[in-house]
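First to last, the protein sequences are chains A and B.
Each residue of the first sequence is one higher than the one before, counting from 0 in numbering that gives the first Met the number 0.
Each residue of the second sequence is one higher than the one before, counting from 0 in numbering that gives the first Met the number 0.
I should point out that these hints are in silico values taken from the structure, not numbers from a laboratory.
Yeah, the Cβ is synthetic: ideal placement off N, Cα and C, and Gly gets one too.
Straight line, CA to CA, 27 angstroms or less: simulated DSS-like cross-link-like pairs of lysine-lysine:
{"id": "1", "chain 1": "A", "residue 1": "K410", "chain 2": "A", "residue 2": "K422"}
{"id": "2", "chain 1": "B", "residue 1": "K259", "chain 2": "A", "residue 2": "K488"}
{"id": "3", "chain 1": "B", "residue 1": "K55", "chain 2": "B", "residue 2": "K152"}
{"id": "4", "chain 1": "B", "residue 1": "K213", "chain 2": "A", "residue 2": "K422"}
{"id": "5", "chain 1": "B", "residue 1": "K139", "chain 2": "A", "residue 2": "K488"}
{"id": "6", "chain 1": "A", "residue 1": "K548", "chain 2": "A", "residue 2": "K422"}
{"id": "7", "chain 1": "A", "residue 1": "K410", "chain 2": "B", "residue 2": "K259"}
{"id": "8", "chain 1": "A", "residue 1": "K422", "chain 2": "B", "residue 2": "K259"}
{"id": "9", "chain 1": "A", "residue 1": "K488", "chain 2": "B", "residue 2": "K66"}
A few chain B residues that don't get close to chain A, going by computed Cβ distances all over 10 angstroms:
{"id": "10", "residue": "S13"}
{"id": "11", "residue": "Q19"}
{"id": "12", "residue": "P31"}
{"id": "13", "residue": "G56"}
{"id": "14", "residue": "C123"}
{"id": "15", "residue": "I129"}
{"id": "16", "residue": "N130"}
{"id": "17", "residue": "S131"}
{"id": "18", "residue": "N142"}
{"id": "19", "residue": "K154"}
{"id": "20", "residue": "T161"}
{"id": "21", "residue": "L165"}
{"id": "22", "residue": "F187"}
{"id": "23", "residue": "A191"}
{"id": "24", "residue": "E210"}
{"id": "25", "residue": "G215"}
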Amino acid sequence: MMITKSELQPRADLYRLLSRLYRVEVDQPLLDALKELRFPQAENETLAEGYAMLRGYLDSCGPEALDDLAVDYATVFLAAGSADGAAAIPCESVYTSPKKLFMQEAWEDVVRIYREKNLARETDHSDLMEDHLALELEYMSLLVHQRAPQDEKYFLENHLLNWVPQLVADIDRYARVDFYKAVGRITLGFLQMEEQLLAALTDGTLRQAPSYSVRAERMDKILAQLKERYRVFAPKRIPKRGPKGTDLIRYGEIDRLSDIVYKEKSHFSAKEVFYPISQTMFYFTGESASQKELEDERDIILIARPCDINAIRRLDNIFLHNGQSDLYYSRMREKLHIFMLECRESFDNCFCVSVGTNVCDDYSVAIRIDDICALAEIRDEDFLPYFEDEVPIEFMPEFVTQNRRNARLPKIRDRQQLGEICKLEYWNQFDEKCIACGGCNTVCPTCSCFDTVDIIYDETSRDGERRRVWSSCMLRDFTQTAGGALARKTQGANMRFKVLHKVYDYNLRFGGSEHMCVGCGRCIDRCPEGIDYLDTVNGLTDALAAAEKEGN
Amino acid sequence: MTNIMLPTPHRILSVLKETQAEYTFRVEYDGPTQHGQFFQLSIPKVGEAPISVSGKGEGYVEFTIRKVGRLTQGIFGLQPGDMLFMRGPYGKPFPVDDFKGKDLVVICGGTGMAPVKTMLNHFCDHPEEINSLYLIAGFKDINCVLFTEELEKFKRQEKFHTITTLDNSSAPGFETGMVTAHIPKVPFRDFADYNVAIVGPPVMMHFAALECLKNGAVEDKIWVSFERKMSCAVGKCGHCKINETYVCLEGPVFNYSRAKNLFD
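When you get a sec, could you build the whole thing from the sequences and use the hints?
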């Protein structure tokens, strides 16, 4: 069996979701998000039953659901209203110690493990024991991200599976509404599946993807073969086309390995390969409109770093999942095959690690390049034939684990606080500083906005085409309606809009654990006025903390 | 897969000059539309913009367009028989089914009457579906008054209490003052159940909503409709986004309790 597409992201997400459900009561945004969720088909019976039960509850719950759930949460997990304290206390030590006490042996071991990994509870969660189920599940999500199957297996076998089955039985006993019964079943079924998966992963039943060492001239031959069926895009150098006569590095079709610029960050992101700066959507006459068809039917190989690859999922959300699917994006997207360009060292202004986009698992081939050869890990069987004659080696791509800079994202509690943030004086500094050039949006791998532009072929006729062209929320007229009115009138307001989209709005809309910004830092590299996006985000977090302090 | 960006040409049946700056275009169309929805209208070489449906009948829809921008300027050059490119209808309509059997207050300013006009006509033709309808329609001055014939029709309808008002001037049949000045005339406290629809420029909607609240209306009975720049109207181009909300998908009609928490 070969791993063609990994399930890393959904696994980590489910761990995090369950962690959230055990941590505190359900609130309105979470309930809304759950209602929107589509539950996957599950082979594990307990998990399938849990999903069905939860679906049933969510479809039928009324306006009093939040109150019901809060009461049930308190009853089940906090022993509220129980004279003898009978409840499903979600702490491992309570289940595994002979006298059912907090902070016994299991707790000590969990504390030791967290400490070894350099982990500490966030101050917001200091009321939770380290062996609280919420924290244990969150720890597992972290291990999934770190790709540490041995550690996952150890923690699952020596901790979670030691007590969760009894806990789930207790939840079933004390819960009055189906919601937490379902959550319990989902937890148990999921952990059972994880046990099987991890056993397979660590036993080698799932064998490691085949990997090869390829000398540069051999790699050029492989590229030539690939180009018969694919167009191959990678960051390449365009001499003297950058600002002030510098070289420009952006994505283009390549012919040989040495075309790939792998020692520098590209100035533009990979998105222009499948979402071009300008594209014709249709041709028109005064009387009709006809769709523009693709000129090249070949599939596309995109050689890109993890940040740019992670950005694709964000663009997918906008173009494929926000309302109906967009044809122009979708037909290019379907052609994409991702070759991950290993990225082990951080460049200036990179902060991917702090936003979780330094790793990526969704690729067909991973390659490490140096001047004399390439190492390739082949995950997608379709590409095996091209590499089979090369020298087999052991190769697991590595990811950058530390950047020189880090993002501290603001935690926005609710709508009221969002309103307060929008009024912060903080944003006014950009009124003058930002010159509204839109460069930051242009180099951003996740910016998706566009304008439509009509082009006619000669002044007297109505024959022409409608194109769509990248737009920029930092342009002064981005929100201007026909009468000239602007919804956002200042560059400060535009900056707020951009920043909040990247670190708040997108996540609020699409859910999951990801924010839009992937931490490539290109907007910082690009800004002619020296506006530093990362400082802006971190500054907002600080301004928020300062405002909170003042308020108290 | 449907191409959501591709418009289809529709023939212009007639052009009615409402004022110096506002024309109503009647365009061949026989699909369904709901009250408060809009289309992306375009003419080749000029471009595309969202325009509310201001009228509807057998085999046609109407758009009332104000000559303010490049596109609208271009549209003004069109004659009956010319083609207008259209995509739509788009957007969440007014929840008219919820309005039935209750009192309805409609407050509009200038071309803001366009998005509520099909609804007004509906209730004017089916007065049995509502208890009463209070219409406050404000215009800048007598030269800016739109839909004169229909306003007369609304004034004749017994279930309707129609107030037309001019901002700073007086004319026969018109009151004077902003729409907000006339909101206290609406007997909110006597209504068993009611809804309020407010459409107009952002400032007007803001103050009209506050005035309704001051006069006893509650937030979740009030509905407003937003006008935004849109280059796609299908959740992609980003122009109409406010916080996490896309006006094209979740609007343009919003309940006030949500609208007041959208921060531009």
